[in-house]
Structure formats: C-alpha cells, structure tokens
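If you're matching them up, the sequences are chains G and E in order.
Just so we're aligned, residue 152 is where the first sequence starts under this note's numbering, counting upward by one.
Just so we're aligned, residue 1079 is where the second sequence starts under this note's numbering, counting upward by one.
Fair warning: there could be bad hints in the mix.
[Unchecked claim] Footprint (simulated), chain G over chain E, 3 or more residues, beta carbon under 8 Å:
no.	region
1	1108-1116
2	1375-1385
[What the hints assert, rightly or not] Result set (PhoX-like, lysine-lysine): computed pairs, CA atoms no more than 25 Å apart in a straight line:
no.	chain 1	residue 1	chain 2	residue 2
3	E	LYS1364	G	LYS276
4	E	LYS1308	E	LYS1364
5	G	LYS276	E	LYS1103
No lab work stands behind these hints, which were simulated from the structure alone.
Cβ atoms here follow ideal geometry from the backbone N, Cα and C, with glycine treated the same way.
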Amino acid sequence: MQKDSNENPELKKTNLWNDANFRAMLFQVVAILAVFGFIGYIVNNALTNMEQRGIVTGFGFLTDQAGFGIVQTLIEYTETDSYGRTFIVGLLNTVLVSFLGIILATLLGFLIGVGRLSSNWLISKLSSLYIEIFRNIPLLLQIFFWYFAVLRALPPPKQSFDLGAGAFLNIRGFFLPKPIFEDGFSWVIGAIILAIAAVIYLVKSNKRRQLDTGIYKPVLLPSLAILFIIPALVFFVVGQPLSWDYPALRGFNFQGGLSIIPELMALLVALTIYTAAFIAEVVRSGIEAVSDGQSEAADALGLSNGQRLRLIVIPQALRVIIPPLTNQYLNLTKNSSLATAIGYPDLVSVFSGTTLNQTGQAIEIIFMTMGVYLTLSLLTSSLMNWYNRRVALVER
Amino acid sequence: MGKVHVPKPSLPPPSNSIGAIAWAKKHLFSTPLNSVLTIIGMYLVVTMGYWTINWAFINADWVGDSREACTSSGACWVFVSARFNQFIYGFYPESEIWRVNLMFAIFTVLLLALVIEKTPKKPWIAAFTLVVFPIIAFFLLYGDAFGLERVETHKWGGLMLTLVLAVVGIVASLPIGVLLALGRRSNMPIIKNLCVVYIEFWRGVPLITVLFMASVMLPLFMHAGAETDKLIRAMIGIVLFQAAYMAEVVRGGLQAIPKGQFEAADALGLNYPKTMGLIILPQALKLMTPGIVNTFIALFKDTSLVLIIGLFDLLAIVQSALADPKWLGYSVEGYVFVAFMFWIFCFGMSKYSQHLEKKLNTGHR
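Please put together the full structure from these sequences, using the hints given.
See the structure below:
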C-alpha cells in the first residue's frame, strides 16, 4: 500500500487515510466527540430523571440543618449543625483513622518485614506465616471479625478489664486517662521546640565537622539528653502544669477521660494488621534489593554493624521502599472507607451514608466524597514523589 | 621406595557442627537476642497452636442440624455444615443447583488446562475461556433459554456470587484495560490525557464509593424508564474500577518490552494494529500474567464489599446467617469459615503467580 501511494502521486493526495498526522487528528476528534457526547447524554438523562423524581440539585443543602447525631466528633458538632459540618466531621474522622493507621501499620510492618529476613529461623517463619495469613483474607472480613467477634464479646462496663494506670477496656470502648494541660504548659511546648532546634543544630554542625576534619563524634546520646532534659527541667520549674482526667465508672458507663469507641478500635486494628502484612513485604523486598556487595563493602571499610545498617543498607533500601510504601498508605486511606460497614462515622459513612439518605442528592454528595479521596491520593503521591526525587539515585 | 602413600580417611566433622543441635545453634540460638526471641516465639507457637487445635478440631462439634448438637467447648462447625449449601449457592433453587455445579466444573477444567504447562493449543483455550465460556456460564446460571428455568439474580449468592463477580470483573476489565494502557502510551496527546484522567480517577477513589455510585447514581444516568438489575449495576461499577488497575498492569507489561521489538515491527512495515496484535501484546501478555493474577486476588477480596450495597456474597450471606436468632453467638466459626474459603483461593493464586514470576524471570532475559 505504501509503495502504491508513493508511485501514484494522485492516490497519495487523495488517500488521507495513509497520513499518520491526519489519522491521529481524526482519532482524537472522534474520541473527544464520543466522550463529550457520552457525558452530555448522561447529564441529560440525569437532569430529566431528577426532574421527574423531584430531586433538587445544587449545593444549597450544605447549609441545611442536619438533625442527626454523630457518635465521634473531633470538632464541636450538634444535631442543629448543617450538612456542611457533617462533611467536615466525617472528613476529620477519616483523617484520624488513616493517620493513626499509617503510623501503627508502618511500625508493625517494618518489624515483621525485618523479622522475615531474620537469621532466626523461627522468627522468619512466624513472620511469613503472619504475612501469608493476613494478606489473603479480605479486609472487610477482618474488620467484622474484630468488631463483631472480638470487641462485642468484651464484658459490660461493670466488669471491664482494668489494664492498670487508669485504662479500662469494655464493650463500650477503650477508656484512657486524658491529659489536661494547664496554664504553664505552653512553656514546656516552647522548651520542646527549642530542644528539637538544638538537636538539629548539633547534628548539622557535627556533620559539617565530620566533612571538614573527618572526626566523628557520637550524637545520639547527647541529642536524646537534650530532648529529654530541657523539657523536663522546664516542666518542673513552671510547676508541673499537667494533670490527668481519669475515667471512672458512673452509672452504666465510664465518664471522663479519653474514650475510644469500639468502631474506631476495630477499624484501626484491622487496618493496621492488614496493611502491615503488605508493608512487611515492601520492606523485605526493599532490603533484599540492596546487593550483598554493599554490605560486604561496608564490612571491608570496617564499619560497625549499626553503621552498616544506618549508613549503607537503610538509605539504599528506603529508595526502593518509598514508592510502594506510599501506595500502601494510599490504600489504607481508601480502605478506611470500609468504616461504613461497622458504623464508624467516617466520611463515607456520615456523608455518603446518612446525609445522602436524608437529602437524596446522590450526585453532589458522591462527587464530593470521591473528590476528597482523589485530593488525598494526589496530595500524598505528590508529597511522596517529592521525597522520592530527593532520595533517588543521582546518575550521571 | 615403592611405598605408596595412603592418606588416612578424613575425620568426620565435629559433632557440634552437624545435625539437629548444630542447626538449632546456628538458626535459633546464634546470639543472646536470638535465643530470647526463639524462646518467646516457641512459647507463642505452642500455646496458640495448642489452643487452636483444641478449639477447631479436638473439642469441636461437626455433625448435627441445630445448635443443640453443639455440646462441647470448642468450635461449633454445625453452624457451617447446616447452612453449607446456602453459603455456597445463596438462595439458588435446590433443584437447579446442578447448573451451578456444571458451571464450576467447566470452569475448573478450563483453568486446569490453562495452568498445566504442557496443554496443547493454549491460546485457543484462553480465548474460549475469555469469550465463549462467559456466555455458556450466563445461560447456565441465569437460564431463561434452552429449556432452563430462569433464576433471577437476587437469588444468586454465597461463594458462587463472589466467584461470578470476581471472574466477570477480570474478564470484562481486561480488554478495556488493554485499550486504556495502549491509549496511555499513545503519541496522541488528547487520547493519552483522556486515558490518564480515567485511570487516575478510578485509582484514586475507594471501591466503596464506586459501588455507592453504581447503586444510587447509575439509575439516574440511564435513559428514563430503563431498569437495571442490582447485580448488573455492581458489576458495571467493579468493571469500570478494575479496568483502571488492569490498565496499569498492562502498561507495566508493555514497558517491559524492549524498544527493539517496536523498531523491528516498524522495519517489517507492520502497521499499528499488527505491531501491537502480533508482536507486542503477545509478549507483553505473557509478562503480565503474574500481575493479572495479583489484581485478580485483590479483586477477589474486594468483591466482599458488595455487602454494603445489599448483595449476598459469601461474607454477606454468612454475616446475615449470624444474625439468625437460632444461631446467635457463633460469629467466630462463621468468620473463620469465610476466612478459610477466601484464604484458600487467594493463597493458591498467589503461589501460582509467584511460580509464574519465577518461570518468566529465567526465560526472558
């Protein structure tokens, strides 16, 4: 065909189909038309359908009074507040459970991932057993298990488990003493900030000295000393401005203190255990990706075991670990939406659940909810990409 | 001088460097920390193993048809065995269950044929599984043709529904995923951006919001008066969602194909469809199989979310059975059963995908 068109200039002119640029243009125009046509069709249908069913459109509902209570709120919220506020409350609850989940899952995941590579046969087998069990069971089932089978089986408040130090566990949740910060506490916070700044200065100047002179002085112990001693000194000087509000059994339930509702606990435990299994695999593969030659080179340089890990293995492993780890964080955040199955008041449960049922404005609400997750995803991934670029191998 | 030097036979290795004790020394008690960890680990294994075996096997009740049969202190598997049919087939009419079994049987045979390495004409079997089998399965399950009685989808449930959702999700999302991935790697900016937006959108939102969307918004998007089945709506949601993930798997496969292959195809004068269809995709698909199996595992677990929009998959049907006042208090047994079923499938598939990865790794580089 190509040959024909070359030999026959007339055919070449007339047969636009053989022009790659024209073809590309045509495909793109068709694609655009198809997509917009489809969207137009859908919007048109939606508008007709909503008109028929008498559904109002627009975001006016956000200022209407919600009229339902929410069991856990991080900001002030009453039934007389607006639907807009339920959105914020749900969003904050989602952020809370994701944030805590990410921290706990990272800790557990690193522990198990390192355990998986342990020279201890038993520990390594136990770690892989953990990974294989929890990775292969649906998260929703794990949430149900912790919520319905474990936490629902706890004793009522009167027979709660006393965990000591003022902490109690019962079917209503987990009750902890709550710190109360008194007037002088801002001094302590100031002291903590000062201590952190001092430690950063110490580490930086030490590094500079090492680069200049080659003399290395240990910084870990002095840093820890600074971090603890300065705030502690200030704390005692200003007269211990901290007291604890202990939960106490009054009537049928505990009053006071910090209470963690069972829904949050179940969700957090399940998310942590499930995601930790994936993080452990990420960590394992990251560490295994650092070639043995690197460790051997470190040994040949005479670095100690700790130095080898801290200076050679971990920085290189992190480079491999960070991208998939970010993915796991995003997964955890998205998975936290399963909260709706056990009634933890997260964004999906409060907003796409109760608010949607009450107002019937499905399109606005679902797009707002999706928008939140999309924004969170894009934000996290751009943050991690930035970090990733910083630690990425600079190749010349 | 004719003395021949005969070396003495070598001594056996010192007794502390071979055998079980040496192994334990090396692998369990090499350092003080390791010894402590080993002892804690052993304690955990022994106590938990003892408790589990006691609970699940020794003290468990297996036969009976009501909770009165559960007299011992261990697990009450009667709860599962009494409702086993329901957990597997949902509310499918008892007289028609052979159809589900037949479908499962055909599926198993096809899968085995695909998994076993030496099966002849594999591409044809794969094509049959992806194209013809879904049609057969549809008529077997739904009926309403060839003299088969119609079984409405709201009667589908249990493990059968879980499998149907997962298989439909994968089979239908594969072609869409291939198109999206090709689009994402295309030189045409508009097509590329459309595909990127599609993929990033679905990958950025949780499946649960997709299912909500499918169940409440889809009816609004349809032509006025058009009714759709709840199951179909869930499937549409799952396929749209899964296609984005599939596209990323396919893209990974495409990226692994060396540039020389594209250039060779160009040099042969092949056009785009031929380059992709004859040169690139066959090689990429082979590389993608582990990735596809992994997304299948993820989807298989995720199908349990349909519980939230009111479909009775394996988890949902057990969850609803737990609420039966006749069987209150056996939630652990129910959950362990569901977990075991999911685990068997997922673990088997993940082992298969690891095996594939190993096999593909050796041959290709």
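Here is how each hint holds up against the structure:
{"no.": "1", "hint": "1108-1116", "in the structure": "holds (count 4)"}
{"no.": "2", "hint": "1375-1385", "in the structure": "holds (count 6)"}
{"no.": "3", "hint": "E:LYS1364 / G:LYS276", "in the structure": "32 Å, violated"}
{"no.": "4", "hint": "E:LYS1308 / E:LYS1364", "in the structure": "35 Å, violated"}
{"no.": "5", "hint": "G:LYS276 / E:LYS1103", "in the structure": "17 Å, holds"}
Comparing the model with each numbered hint stated earlier shows that hints 3, 4 do not hold.
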